[in-house]
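Asks: Sequence:
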Amino acid sequence: MVPNLIGAMCAITWHIYDNQDALYGLVTLQGIFTFIGNSTLALASFTIYKEKETYE
Numbered sequence: 001m002v003p004n005l006i007g008a009m010c011a012i013t014w015h016i017y018d019n020q021d022a023l024y025g026l027v028t029l030q031g032i033f034t035f036i037g038n039s040t041l042a043l044a045s046f047t048i049y050k051e052k053e054t055y056e
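Numbered by our numbering, the letters in the sequence shown go through residues 1 to 56 in order.
FYI, nobody ran anything at the bench for these hints, they're computed from the structure.
Just so it is clear, the structure is predicted and the values come from calculations on it, not from any experiment.
Don't take every hint at face value.
[Said to hold, decoys possible] DEER-style ranges, computed between Cβ atoms: (1) Ile48 to Asp21: 39 to 47 angstroms; (2) Ile16 to Glu51: 38 to 46 angstroms; (3) Asn38 to Trp14: 14 to 22 angstroms.
The beta-carbon is built from N, C-alpha and C at its ideal position, and this holds for glycine as well.
I would like the entire structure built from these sequences, with the hints used as guidance.
Replies: Below is the structure:
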């Protein structure tokens, strides 16, 4: 998850300082979708961890 977060933060920072003012809505949208994607990834990994079966 950390590489996803670092990549997203770099992309959002670059967009904030390099895009036209009319595109700030897209930067916000990208941030929201990044948050949703990372949250879904965290939930999936937690679910897999909790439901892990051990064959001992």
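Asks: Each hint needs a verdict: does it hold in this structure or not?
Replies: Status of each hint after checking the structure:
no. : hint                               : in the structure
1   : Ile48 to Asp21: 39 to 47 angstroms : 42 angstroms, holds
2   : Ile16 to Glu51: 38 to 46 angstroms : 39 angstroms, holds
3   : Asn38 to Trp14: 14 to 22 angstroms : 18 angstroms, holds
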